[in-house]
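Protein chains: 2
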Amino acid sequence: MKNLGRHILAEIYDCDPTILNNSGLIEEILVKAALEAGAEVREVAFHKFSPQGVSGVVIISESHLTIHTWPELGYAAVDVFTCGDRVNPWDACNYISKGLCAKHMDATEVKRGLFDMPVKAINF
Amino acid sequence: MKNLGRHILAEIYDCDPTILNNSGLIEEILVKAALEAGAEVREVAFHKFSPQGVSGVVIISESHLTIHTWPELGYAAVDVFTCGDRVNPWDACNYISKGLCAKHMDATEVKRGLFDMPVKAINF
Numbered sequence: 000m001k002n003l004g005r006h007i008l009a010e011i012y013d014c015d016p017t018i019l020n021n022s023g024l025i026e027e028i029l030v031k032a033a034l035e036a037g038a039e040v041r042e043v044a045f046h047k048f049s050p051q052g053v054s055g056v057v058i059i060s061e062s063h064l065t066i067h068t069w070p071e072l073g074y075a076a077v078d079v080f081t082c083g084d085r086v087n088p089w090d091a092c093n094y095i096s097k098g099l100c101a102k103h104m105d106a107t108e109v110k111r112g113l114f115d116m117p118v119k120a121i122n123f
Numbered sequence: 000m001k002n003l004g005r006h007i008l009a010e011i012y013d014c015d016p017t018i019l020n021n022s023g024l025i026e027e028i029l030v031k032a033a034l035e036a037g038a039e040v041r042e043v044a045f046h047k048f049s050p051q052g053v054s055g056v057v058i059i060s061e062s063h064l065t066i067h068t069w070p071e072l073g074y075a076a077v078d079v080f081t082c083g084d085r086v087n088p089w090d091a092c093n094y095i096s097k098g099l100c101a102k103h104m105d106a107t108e109v110k111r112g113l114f115d116m117p118v119k120a121i122n123f
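Chains as they are written, first to last, in numbering that gives the first Met the number 0: chain A, 0 to 123; chain B, 0 to 123.
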C-alpha cells in the first residue's frame with residue numbers, strides 16, 4: 000500500500016499558558032513552523048476565544064497545520080498533515096512544540112490516502 | 000483518562016470527481032456539515048489548486064473540519080475534530096461523505112487531550 004500523506008496528531012502538554020493565549024504569537028509560530036519545514040503557505044485563519052484559547056489553521060500546498068489551545072490546562076492539540084516527500088511533518092511539529100515551551104509531547108503519525116498501486120497526484 | 004475531544008480521520012474514496020474539484024461546493028458541504036452537527040462556525044478558509052484539487056478548513060467553536068481532495072483519484076482526506084459533548088463529529092463526517100457522493104469511507108476516531116482527572120475547559 001502506498002500513502003499520499005503523513006498526518007501527525009500531537010498532544011502537547013505543559014506549555015507556557017501565556018503563549019497559548021496569544022493568538023498573534025500562535026499564528027506566527029505555526030506559519031514559521033510550516034516555512035521551516037519547507038512548506039508553501041496558502042491560507043491562514045485564526046480565532047481567539049473568550050475568555051481564553053486559540054484555534055487556527057495554516058493551509059499549505061502540502062495539506063495543513065492546525066492548533067487548538069487550552070491555556071488553563073497548558074495543553075495544545077496540534078495536527079500537521081503533509082503530502083509528498085518534500086516536507087517532513089515532524090520538523091514542523093517539533094518547531095511548534097519548542098515554540099510553545101512544552102515540557103511533554105505525545106505524537107503519533109498516521110498514513111493518509113492509502114492506495115494499492117503507487118499513485119502520483121498532480122496537485123502538489 | 001478523560002478526553003477533551005474526539006477526532007475522526009476519514010479516508011473517503013470513490014467520490015464524484017466533479018464535486019471534488021468544485022471549491023465553492025466543497026466549502027458549502029463542509030459549512031453545512033458543521034451546522035447540521037450543531038457546531039458554531041467561526042472561520043472559513045479554502046484554496047483551489049491548479050490544475051485540480053481543493054483544500055479547506057472550517058474552524059468551529061468546538062475545534063475544526065478540514066478537507067483535501069484529489070479529484071484525479073476520487074479521494075478526499077477529511078478530518079472532523081470536536082470538543083465537548085454537544086456535537087457528534089460522526090454527524091458531520093457522514094454528511095460530508097454523502098455530499099461527495101462517496102461509495103466508500105474508512106474512518107477512525109481518535110481521542111484528543113487525555114487527562115488523568117476529569118477536566119472542564121471553559122472555552123467552548
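These are computed hints drawn from the structure, not numbers from a lab.
Misleading hints may appear alongside valid ones.
[Claimed, not checked] Taking lysine-lysine and the DSSO-like style, the derived pairs with C-alpha atoms no more than 30 Å apart in a straight line are: (1) B:97 to B:110; (2) B:110 to A:31; (3) B:110 to A:102.
Right, here's what the structure says about each hint:
| no. | hint | result |
| --- | --- | --- |
| 1 | B:97 to B:110 | 24 Å, holds |
| 2 | B:110 to A:31 | 27 Å, holds |
| 3 | B:110 to A:102 | 21 Å, holds |
Going down the numbered hints, you'll see the structure goes against none, and every one checks out.
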